[in-house]
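Chemist: Start from the sequences, fold in the hints, and give me the full structure.
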Amino acid sequence: MTCEYNLYDPSWCPGCGNYMIRKALKQALEELEIPPHMAVIVTGIGQAAKMPHYIGANGFNGLHGRALPPAIGIKLSNKELTVIAESGDGDTYGEGGNHFIHTIRRNVNIAHFVHDNQIYGLTKGQGSPTTAMGQVTTLQFDGVKVEPVKPLALSLTMGAGFVARGFSGDIPQLVELMKEAIQYKGYAHLDIFQPCVVWNKVNTFQWYKDRVYKLPDDYDYTDFNAAYEKSLEFGDKIPTGILYKVEKEIYEDRFQFIKEGPPLVDAVLNPMDAEKLMKDFY
Amino acid sequence: MDYTILIGGAAGQGIETVVLLLEKTIKRSGYHVFTYKNYMSMVRGGHNFMQVRFSDKPVTTYSTKVDMIFAMTAETVDFHMGNLKEGGLVVLDEEYHRDRDFMHLPLQKIAKEIGNQKVVPTIGFGAIGKYFGLDPEVAMDTLEEAFKDKVLQLNIEAFKKGYELTQTEIELEKKRDDKIIINGNQALALGAIAAGVKYYCGYPMTPSTSVMSYISAKSKEMGIVVDQIEDEVGALNMALGASYAGTRAMTGSSGGGFSLMTEALSLSGILEQPVVVVNAQRPGPATGLSTRTEQADLRFVIHAGHGEFPKMVIALRNPEDAFYQTARAFNLAEKYQIPVIIMTEEYLTDYMMTMNPFDFSKVEIVRNVEANYEGTSERYKRYEYTETGVSPRILPGKKEGVEVLVDSHEHNEYGNIDESIETRNSMMKKRMQKLEGLKKELMEPDQIGAENPEILLVGFGATHGALLDAVTRLNDDGLSVGALVYGDIWPFPTDMINKLGRDAKKIITVEQNMTGQLESLILEKTRLEISHRILKYDGRAINGDEIISNLKSILEG
Amino acid sequence: MNYSILIGGAAGQGMDTLAQLLTKSLKRYGYFVFKHSDYMSRVRGGHNFIQIRFSDKQVYTYEDKVDIIYALNEETIDLHKDRLKEEGIILADTAVSEYKDLLLLDLEGTAKVAGNPRAMTSVGMGVIIKLLGLESEEALKVIETTLKDTIVEVNKEAFSKGYEMVQSRFNLEKLQDERILIDGNTSVALGAAAAGCRYYCGYPMTPSTTVLSNMEKWSMDLGIFTEQVEDEVAALNMALGASYAGVRAMTGSSGGGIALMSEALSLAGIIETPVVIVNVQRPGPATGLPTRTEQADLRFVIHSGHGEFPKMVISLRSVEDAFYQTARAFNLAEKYQIPVILLSDQYLADGETAVEPFDFKNIAIERNLHEGKLPEGRYKRYLLTDNGVSPRIIPGKAEDKIILVDSDEHDEYGNITESAAVRKSMVDKRNKKGELLEVEIQEPWLIGEDKPDNLLVCWGSVYGPVKEAMEMLQEEGYSVGALIYGDIYPFPTKLLKENVSAAKKIIDIENNSTAQLDGLMREFALIKSDVRILKYDGRAFSVDELYKRLKEVVE
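First to last, the protein sequences are chains U, Z and F. For what it's worth, the working numbering labels the leading residue of the first sequence as 1, then goes sequentially. For what it's worth, the working numbering labels the leading residue of the second sequence as 1001, then goes sequentially. For what it's worth, the working numbering labels the leading residue of the third sequence as 2001, then goes sequentially.
To be clear, the hints were calculated from the coordinates, so they are not data collected in a lab. Don't take each hint at face value.
[Unchecked claim] Derived, one-sided and incomplete: chain U residues facing chain Z with beta-carbon distance under 10 Å:
1) GLU95
2) LEU122
3) GLN140
4) ILE171
Quantities reported herein were computed from a predicted structural model and do not represent experimental measurements. Where a beta carbon is used, it is the ideal one built from N, C-alpha and C, also for glycine.
Modeler: See below:
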């Protein structure tokens, strides 16, 4: 069985962080020896969301903001698939904000990679939910007037069991984070910094490079309070790595027939199985 | 005279710059200009092209055949050679030299000498400018507007170098320029601003975004709140809040975003809260083709929102129409306390066209808000029964002793929940009664061409320009052809089509969709049978040439 | 024979349980039953009433006139006393009313003696069963199997005491019972379960919620994943994910929730992923009247979703129809890889009816998943075929095949494309499926006279009242027939066209204000109705009301 992932020619701008993220994704999946036909990449709409077109795995390229609901539908239907939701910051934290919150509450076993470039790319440079206050954009001529979302603090306080941050400029670390996230049993939130070379002239490659630092080896990622503190660190220094990781019961296991039975998709369908329900109506 | 220059290349190469400089300079030389834009949905790469058409007579559509191809990639030549007129010229960078009768120019080489690859477009502009004998002074003014400081100096140098590369082959005599050049979304936004919009909220979605960004650019100057909000569900609900509080509010999106607004559209129906919503159509379903054009949301928009309530749908036909109709939409929304939906389409949002300046003195603002209304009862009845179905509207906080209650449930005159049969019947009748007034406001479709034509073409929205072009040319050829182009489209005006349709030998619909949605309205509302249909749904706009060739093949059977 | 019992009072007075016990008992005594509830949208207070109609023949709807009114408060008497038939009886507790010509009994006091004043409604039930002249055994069994163990004895005692308080007035007999008692939403859920639906997600919204709660109830037993999700936007997107992964998936809501699904409906269209959606209509716009009925979402649903894509809309006409059509919807969705929308309404959803048991053997599951070998190389999810339907496989099941679906316009592999030629061929491909649907659709039911003078047309749940009212007119010698639309989009026109030629009057009957079916007839058949009988006050047609309005028209 081959575990090699084909790559296809993307239409991203030269220098876009998406290239590096794709490279890390390919490497992570190959190192985990997940065959392409057993992996599904579910995305919304945006430059990041074009990923399924550029890497040879199963793909569900759905609607803007809505990567998570189909990802859940897929995982519950076939627990044997490795399901990765992948989308941008606007897609995930803006349009899809409500799904994000409630997906964390469920704790379905999926990995969620958010390509966070702090701007809208495909629609040409409007502020995103992670754009800094005051930043001038192609729409906010006067500067953004709302505070940015703090994605890691949000997922932590919502109860996510795996919260991490990576940077497209550090592929070895990103590969490890992706592997950890995919292997984590539950919802794994990985926010990935990436520069947008065309539309974000503030948060450039250099900007990130100057700020990110790896969490030290002795950092205890099971300590919620420490993780919360790190999730708010967003200034001259921004930590990367696994901020928080604990074991939690996954959503699928709360359904006995999913936990103990074959994947839902393999159920043999027979109308007569339901006939017993009729007894209630006599 | 009637010339078209096609400029093609990859995203990020600066074809927009060549086009911007050209269209402005040609317009300022006193000519009518029409620029058709054709993008792919990507920031870099792909193949994009634009066509600048100009003439000493008004131009309302793009033309299939071009006089000059200015190719910034070799690919451009391959894609468009078939469109070149006989004797037309291909201008190509010598980097991509072909062994053909092309004009090869050292654009990149000169740019290297100047020291900046980004000036390639301006060198090209210089070369084309000289070829058409454009006045360098006018060109210089345009450059000064487009660039600043150091970049300006570089571009002036680039222009001059480019200007030396060619000879004048066609002399465009300079004329008086008293026109504006504008695209549909800018005109729409201007219409809204003229009508006093004070609140615009929306979520970025191509091709609607430029309405929001234009208003945002004028936000400070005009005192308009522009809010990029979390999603489209939020957008329309927020606009309704603003409208309730008394500001003129507007939101806009494209198909998918509009889908998300359908719930709140129904809300505006029962709240009787005026609001203007723009749906800038692009080809669906779902994400579809983000940067291309279609007219496939007509029936969807007409029937959007659960339950039954009056709404008005206006399809915009050209930038001028966009300005005046948008301004009118605000009055209609407030006069009848209904949602008014403005339908535009990617083609119209983007193309640039010259026309007479808009007459702001013609825009009237009628709010229909009654500050001094005394009422018929002690408590204010937001939903008081009246003959017209329209209740006197007071704004919250504006009149002592008056509290304003609106409600998404079925309600009584006060706005309180009421489930009785009598109230339900009366409120349904009250709301639907507004349609009677609205029907009297309807503007019949624009009639073009022969007075009582044998062949009646029927279209709506942005096909107007192409139909105008086609019908004019066909009439010149002696054919009895006319066209009706719908602007107001719901409620559906039927007088004209009943009048012309009954006598016409053939009724042919022209639509940018696959299922013939305008046809379905005609069938439903008039039961007039359509003999033929010209439908295009590949994401590209139809032009006059295509309508003529389609019509000819229909007539030839 | 034909009787109606009306129970009226405020929310929270125990009417629901009483009506449930009474309805079930009457069915067990072998009668055809129809239960219709008229609720206000609140948990406490307000005026609610429930009508139970029963007969030895099939009954499809409620009637205005009633034989027995059991008034739990005085308001009920004021509001409904004029609806009493000549020989009718109004039953009430002595504390409720001082009206003279009523059957006033000390129901509450009797309940106290039985052990609990809350058992008063069971005393009333005993009185009613005795008035009808039925023996007490079946009713006692129903009480025993329906109520919680802790209160069974008290209520049986209360029933028996009530049963002894009066003499029989109606002298009814026990008949043979072989029917089931079921409402529209439960039938929809049963149809879905029979069709092998294994994924149902939704957000609570009256009157659709009981589809969700039934599925939830059967979830563990049948292995159906059921979830109450964060919103309706998520619900349809999630169902599409499940369907992509190969599971039969469904969601449902009412108008406002369906509005939120329009975006994902368009997604289902372009990714060609089968899904079944039920819209249980209630009166709009917006929140409207949450617990009442209407048929005003027809055009909205037909045109829902931006862009153009084939979909099918089926309106449900009766509880049996709800069962069989729901099961069929899953097959159609998978056969054509399209969204199928079922249109129900509050009246059908909640109206409990006694009908012949559903025949599960009649349900066939046709998945239309591709079996057998696929060509070498990359799998083409959107392979261009003669009929527009591409061979569908599911992810993770074929070792060298990956499945890519895309909301952008795409090529045969599912990859984004902007080519004008590919765009055109994909639109044509999808549209071809729409043309196949036009062959697949079922013509409306034709009941009554073939090619009648008076042709009635209607759709969905109006079937019940129309059938009964039409039969009354037929008995009086009028030439009437009716076309009852089930499959409604694409719109079947054959039977309509055949029947209009002879018709002197076409009469359109709908539960909405703008005659939406009439619009479809004009558009697709160039036929318009001559008369429209429209009702949009949130209530369904009663048989007497419709009969009266029809009579005025046919005369």
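Chemist: Now tell me, hint by hint, if it's right for this structure.
Modeler: Okay, the hints, checked on the actual structure:
1. GLU95: holds (5 Å)
2. LEU122: At about 7 Å, which falls below the 10 Å cut-off, the nearest Cβ of chain Z leaves the hint on LEU122/U intact, so it holds.
3. GLN140: Status holds, d = 7 Å.
4. ILE171: At about 22 Å, which exceeds the 10 Å cut-off, the nearest Cβ of chain Z leaves the hint on ILE171/U violated.
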